[in-house]
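A.B. asks: Mind docking chain E on chain V? Use the hints.
Spelled out from the first residue to the last, the chains are:
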Amino acid sequence: MLQDVLQSKCALFADGVQTVLRGQENRSRRVVIMKGNLVQNARSESKGVSARVNRDGKFGFASVAEYTPEAAEKVIKAATDNALLLGRHSDSKTALPASFGTGTIPLYGQIVDVEQKLIIELCRTIDDHIAKTYPDLASRTVVYTEDSLDKIIYTSDAFNGHIVSPRCYVYVMMSAETKDGVPVEMFKALGGSGSFYDHFTNPETLYPQIEELYKRLMDKKEGVYAEAGYKTVVLGGMMGGMLAHEAVGHTVEADLVRGGSVAGPNLGKRVASDLVTMVDFAHTYDGKPADLPVYLDDEGTKAEDAVLIKDGILVGYMNDRESAAEYGMTPVGNARGWNFSDEPLIRMRNTCILPGKNTVEELIASVDDGYYLIDSGNGQADLTGEFMFGVTCGYEIKNGKLGRALLDTTVSGVAFDMLKTVDMASDKVEWSGSGFCGKKQPMAVSMGGPHLRCKIMIGGR
Amino acid sequence: MSEIRAIADSFDAILQSKNVDKYTYTLVQSEKQELNIEGTSFKLMRTVFNNFGSLKVFHGARMGSVSGNDISEEGLAKLADDGIAAAESAEEDPCHDFAPDQGKEVFRQGVYEPDMDRFFERTKEFLDAVEKEYPKIRIMMGGASFDRSHWISRNTNGTEFEDFSGQYEFMVEFSAVDGERTTGMNGCGFCTKDLDTPFIDMCDVRKQLEDTQNSLDTKSVEGKFEGTVIMTPSCVTQFLYMLMSNYIGNNVIIDGTSQWLDKVGEKVADEKLTVALKPFDERIVVGERGTQDGFRTEDVTIFDHGVLKTHMLNLYASNKTGRPMIKNTGSDVVVEPGDSALEDIIASVDHGLLMGSFSGGQPGTNGEFSGVAKNSFLIENGKVTDAVMETMVNGNLGSIFADIRAISKEQLCDGASVVPYIAFNGIVISGK
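As given, the protein sequences belong to chains V and E, one line each in that order. Read in order, the letters of the first sequence are residues 1 to 461 in my numbering. Read in order, the letters of the second sequence are residues 1001 to 1432 in my numbering.
Chain V extracted, bound-state conformation (with noise of 0.2 Å):
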């Protein structure tokens, strides 16, 4: 992990201006193996500082991929230039966004590196068992992915602090043939956050969830198409945190409302109906810990929760510090940057949907004729909340029962017109932290929600 080298180089901060120092670390180890054939084994390690300065609301940013105290110093110089820079082709000023408190986040949790010995021999382990146990497979593909975030952080106006954020999966794909002979997969990502260790010193556990993932590609194998058509369905807990981060985070993301989204005019009105409740949450979830901890952000906010909609009403927007004293809002932490040489943007963190009262059961024997959509593979929304995401694993719902299987398909909408029909919530919240949102900067989030019951249109052939 890394060691301090950045706050002897505090005193190099400039007086009325706002600087953020930030030394960090990113790493990443992939394994994958396809139909038994070890085709990658990588490590990659990359490391640097940056600095941004904002001098009259004009920002300059800049990084070197050392970290030293003199990268430190070279790039609190070079930041200072650009925004320097910036002010001389420009005549307007604002001025800078309140402080929101100052101190020192302590650290939370650890890195710890393992061999890539013993990541191939997990994914060798997974592997034999999966051709073993399931011959009749078309392909089978075995994926490690390990990517840890190491950052510390120096500001003029705000909180310090040395933060980490380490998650691993282990993805697997399986692919089977229809009686025609066509194609169709499925894959499911298993892990959490936190390190190999964390997770996979028993690839056993993993088998149920293998082997669920196998007989649904197996009825899907038999699977028909849906009906397009707009369509009562049950959503998922995957696919209702597919909805709470694509179609509606997104729009609600300050710099994106600045750019037109349709959540500009909606602020205080009725978006959804009245069983949904929406937020980000900063770092825990019902006492736990979230998927992807946020202590601090990378302005130096101390990471809170942002309510985003209140029992259907559109109450706020995720900011940085800039777009919170512009809409009147406090910032609780979204802005973050991917690499060391990311200048921190509006991200989400833990997106969630709040759960309701009724149970999956309720929700699926309440439907006559439509669909339950399980699992997504991605998503996709825009500005005025029109999303779609590909939905890779479902069934139909006969008279309050469960039917065939479907083939791949999608479902579309208008984020603010369906949330609207949205009548049955279930207790439970799914979560998935195994995702990259990319908006300039990949980068990692979490999303969840409950089985939802709503309508929708879906993609048919």
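Note that these hints are calculated values from the structure, not bench results. Among these hints, one or two may not hold up.
Claimed, not checked - Output of the computed footprint for chain E on chain V, the stretches with three or more beta carbons under 8 Å from beta carbons of chain E: (1) 105-118; (2) 182-188; (3) 256-262; (4) 401-411.
Here a beta-carbon is modelled for each residue, glycine too, at the ideal position from N, C-alpha and C.
C.D. replies: Then chain E, alone, in the frame of chain V:
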């Protein structure tokens, strides 16, 4: 950024001192100067000095791959140790290898010494033009950056490539806003080696701004029909990459799930379609010069009048499957133009879509795609009419490329690809 050759000499010495007798590596020094835009003003100036080193170590038939950005003497020694450990941990697989001796060559591409003052002026001129000519456009995020890199790649078979390259890149994402009405997000961008042309007149920048401003009033398609979809060049590029990944890429050939596993030499697409990877085309500003396997990159034709000329396999996939490889990693796409003007293609369509981008999942290996038509307009009776919303498109990748109605004479060149408009038949279009 001049000492990289000396760093490489030092890295060779480190690897040899550790008795590594088979390896290949690339060392990169890069610099970025980026002007961030928000609204119609400059927001942030970003300078990035970065390094990168990647190394593959071979221990008999075992291979380990490591990378990092510390290319100091200490950092390279650690990279070498990590590479050795990764190789020793790996399983034997003789299919991992790199190219035989390709000789020594120095490449120079694009522009290495920027005119940053002129770049600032061109960017400011663009922002002023948008404010004056497209008042409803709201720029959400944008960046004007100059990027340059100096890299060296060596391996123990004797190859040494050195490259000096640089380019200006410009990208903006925007919407149109009028009161409480807002459009979806759109964007455009290009890379260039000169600053001769105002940015607003580059590529399809004006058209994207105009289309977005004309999308404030939208309509949803009624019902469901099978029709013709004319894809814009950027949308064609999106579909071409999905097609190549799903039908002829490394993974689907290695695991045998490709629908075109044994189709090389056969006609799989419409005869109007010719697609090549052309990093040496003069319209490509900075093309690939050396592959990740250590080969000198070559231009490669993928489809010639609809005939599949090759899978897109790297050396490992080629060794694993016994099928031919290509000396190209897969970028720098050039699609040959057709013989119809875009205007005439539109006039020939009774009921269809002009689709600017596709928001959908990566299709499975069966090629079935389903998603939302974004930045798209209805075509009715040969005319482009309303912008559409909540409109889905679905079909099969292999089938639509086999049923091309027309390819436009006009090609769009953004400095990284050269692509025309293509009209596809057989796409199902459905509304709410």
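A.B. asks: Go through the numbered hints given earlier and state which of them the structure violates, listing their numbers in rising order.
C.D. replies: none
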